[in-house]
Amino acid sequence: MAARKSTKKPNVSAEELTKYYRDMLLIRRFEEKAGQLYGMGLIGGFCHLYIGQEAVVVGLEAAAEDGDKRITSYRDHGHMLACGMDPNGVMAELTGREGGYSKGKGGSMHMFSKEKHFYGGHGIVAAQVPLGAGLAFADKYKENGRVTFTYFGDGAANQGQVYETFNMAAIWDLPVVFVIENNQYAMGTAQARSTSTPDIYTRGAAFGIPGEAVDGMDVLAVKEASERAVGHCRSGKGPYILEVKTYRYRGHSMSDPAKYRTREEVQKMRSERDPIEQVRDLLLTGKHASEEDLKAIDKEIKEVVNQSAEFARTSPEPALDELWTDIYA
Amino acid sequence: MSSGPIFTPEGKKLDMATEILMPALSPTMEEGTLAKWLVKEGDTVSSGDILAEIETDKATMEFEAVDEGIIGKILISDGSEGVKVNTPIAMLVEEGESLDAAPAAQEEAPTAGAPAAPAAAVAAAAPKSQPEVDTSPDWPEGTEVVKTTVREALRDAMAEEMRGNENVFLMGEEVAEYEGAYKISQGLLDEFGPKRVIDTPITEHGFAGIATGAAFAGLNPIVEFMTFNFAMQAIDQIINSAAKTLYMSGGQMGAPMVFRGPNGAAARVGAQHSQDYAAWYMQIPGLKVVMPYSASDAKGLLKTAIRDANPVIFLENEILYGRSFDVPKMDDFTVPFGKARIWREGTDATIVSFGIGMHYALEAADKLAEEGISAEVIDLRTLRPMDLPTVIKSVMKTNRLVTVEEGWPQGSVGSYIASEVMQQAFDYLDAPVVTCTGKDVPMPYAANLERHALITTDEVVAAVKQVTYR
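Residue numbers (numbering that gives the first Met the number 0), protein chains in the order written: chain A, 0 to 328; chain B, 0 to 469.
Any given hint could turn out to be false.
[What the hints assert, rightly or not] Keeping only pairs whose Cα atoms sit at most 30 Å apart, straight-line, the calculated DSSO-like set for lysine-lysine is: (1) A:Lys294 <-> B:Lys72; (2) A:Lys298 <-> B:Lys366; (3) A:Lys258 <-> B:Lys83; (4) A:Lys236 <-> A:Lys113; (5) B:Lys194 <-> A:Lys115; (6) A:Lys286 <-> A:Lys115; (7) B:Lys182 <-> A:Lys141; (8) A:Lys301 <-> B:Lys72; (9) A:Lys267 <-> A:Lys301; (10) A:Lys258 <-> B:Lys35; (11) B:Lys194 <-> A:Lys141; (12) B:Lys57 <-> A:Lys258; (13) B:Lys72 <-> B:Lys83; (14) A:Lys267 <-> A:Lys236; (15) A:Lys298 <-> B:Lys194; (16) A:Lys294 <-> B:Lys338; (17) B:Lys182 <-> B:Lys338; (18) A:Lys267 <-> B:Lys39; (19) B:Lys83 <-> A:Lys267; (20) A:Lys236 <-> B:Lys338; (21) A:Lys115 <-> A:Lys298; (22) B:Lys35 <-> B:Lys72; (23) A:Lys267 <-> B:Lys194; (24) B:Lys39 <-> A:Lys301; (25) A:Lys301 <-> B:Lys182; (26) A:Lys258 <-> B:Lys39; (27) B:Lys194 <-> A:Lys113.
In case anyone wonders, no lab produced these hints; they're calculated from the structure.
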């Protein structure tokens, strides 16, 4: 794996490090709670957890500015929390309640926030890639200097529409960062069994799109790469590809027994590469925070997550007449 | 829930207890087998530890702890089958808090009541009074009209709307420098420049998605498909992204855009280039579907489509592009969606059609008139929304109905109309509805076979004679 590591001495303040820790921990605890609510039957259907991949969105968002857009696939809870969407609204959408971001009509895979410039939440693998380029097309059309983060997985990277989009994004210089979240398994198919190139970002070369691989378990490496990518797009040079090498600890979805990999493989990642533990170590060894400080953050996050679960449990189901609304504008 | 104090194996009393419930591990799981505990009473567990293996009907799954604590008591033993989801299977305990503080049993997963049917779905078989319909003319009487081709009318509609709204742009294959494969976009590049009249690569799936994304962000794209046959490459973006996002986002964002291009058979281009998609798109909630016949409708409806806040499928026809019709000379001429046009009044039978089907319908009505049969001819103009009241009102007068379209018979537009008329006006029908469609075959190339595969005027004449028992 040629993924770039972060520079030795991270040029990052204690406040920033603490923020990354907090943001990643929120996603981890939120997802654990979502898994629990799923087990209790409060969340139905498909539920794809982001546990293990937290450093990707938190690192990417570190370089985002107000008004920048983001769009992703169905493994979307982390992206929503990272861009500042309310955990209550996200969790209540998971339980299909009135207080959810889509009033309970979208579910885990289909959530949106116009306010936070989050454009979904898309259930068809790779459909979000041209849509994301379209968001960037609109920004270029309006000449507003915004950048769109278009996330997709290693599995989506084998869909034809990705390359149709690369081609158009390149000829039209669209300000879009294509973020390939390579968690190494397209559902149950390991990358080597499905994908001709070990480093997927190299496919951009065929379209003249620059790119790089980055260690997705290292939030600081992701942040540095995100700054390069965003800078490139914002300066009018067109699209950029970031392949973020990451790992999901849980199954593809809740009903995946994950027999395609060993428990040892998962355990090794967890114990040696965990993105949250890495930042925790940096905070402690750099004396940026004490054990007590971190415990206080843990407690605070736990409360936020418990409150979101409580909200999601008690928010009423949508009124039956909601069935017939929002079909036409 | 077990009652009474809980003791660890060492006999230590513990007060705070959390139930660990049998989890649902798939969207459809109701019960499962607790195959194997991987922890025992007294073990300390933390979040992420694997507690047990659970067999569902599909797989054996590992069940992880979410909370930290001590396994106080195992309630369901290894190998138990048919354990219902949400049954307590163990108690997780913690020191120092009272048992009363233990969370109550989880509330049941909510069960939705039966959804209320929309009022319109509960049809009366025999309306007491004639339905209200809008019969106002499309333009004020006395307005000057100009003979205009459908081709020019479409171009004029786009140009007028692009002048009025900076956010409208046209994108598609050969729309700019070539001025349209069928010369619909003549002059638009000159007037609006390459920012707003955009040649795409041959990549329907991709550019339909890019245009939909641009619409999410507030632009108003017009996507030209060189023909709708190629839109099958893009249909996932049209339906899953453009049509459904408003609903899925709870009304936060949608796709105010138009997908347009020639649809249906042209001439001698064979099976892959000769298909009518009216019935396909008509089925999709979230889409509006327009299929004009005349030039004034092409212009007035395309202007309405570009202004609409929803994704509109605008089905044109290559053979009609060169036909001329009267178009009113007005500053801003539009035609509303959901309003059929009665082209010809009659008393003996109603012929309903749309798009190029109108050509056969009108020609048949002329021939029938020569034989003393008076046919009323209705052009639906938009298929979604569909002006069924105008059709039903006409059927209440003529008591006979023939539908005409180029598409295939199974699941046709006509079969939907026949079904609605049967449900809403059964008592007014004096004969079974006849649906005239294209033949149930891929389009052949040979000239004689192609003629036979399409609907013909003679078939429409025969259908009207059949429903009038002549």
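Do the hints match the structure? See the list:
no.	hint	result
1	A:Lys294 <-> B:Lys72	holds (29 Å)
2	A:Lys298 <-> B:Lys366	violated (84 Å)
3	A:Lys258 <-> B:Lys83	holds (24 Å)
4	A:Lys236 <-> A:Lys113	holds (27 Å)
5	B:Lys194 <-> A:Lys115	holds (28 Å)
6	A:Lys286 <-> A:Lys115	violated (34 Å)
7	B:Lys182 <-> A:Lys141	holds (28 Å)
8	A:Lys301 <-> B:Lys72	holds (25 Å)
9	A:Lys267 <-> A:Lys301	holds (26 Å)
10	A:Lys258 <-> B:Lys35	holds (17 Å)
11	B:Lys194 <-> A:Lys141	holds (11 Å)
12	B:Lys57 <-> A:Lys258	holds (12 Å)
13	B:Lys72 <-> B:Lys83	holds (19 Å)
14	A:Lys267 <-> A:Lys236	violated (40 Å)
15	A:Lys298 <-> B:Lys194	violated (53 Å)
16	A:Lys294 <-> B:Lys338	violated (66 Å)
17	B:Lys182 <-> B:Lys338	holds (29 Å)
18	A:Lys267 <-> B:Lys39	holds (25 Å)
19	B:Lys83 <-> A:Lys267	violated (34 Å)
20	A:Lys236 <-> B:Lys338	violated (49 Å)
21	A:Lys115 <-> A:Lys298	holds (26 Å)
22	B:Lys35 <-> B:Lys72	holds (15 Å)
23	A:Lys267 <-> B:Lys194	violated (52 Å)
24	B:Lys39 <-> A:Lys301	holds (27 Å)
25	A:Lys301 <-> B:Lys182	violated (63 Å)
26	A:Lys258 <-> B:Lys39	holds (24 Å)
27	B:Lys194 <-> A:Lys113	holds (26 Å)
Comparing the model with each numbered hint stated earlier shows that hints 2, 6, 14, 15, 16, 19, 20, 23 and 25 do not hold.
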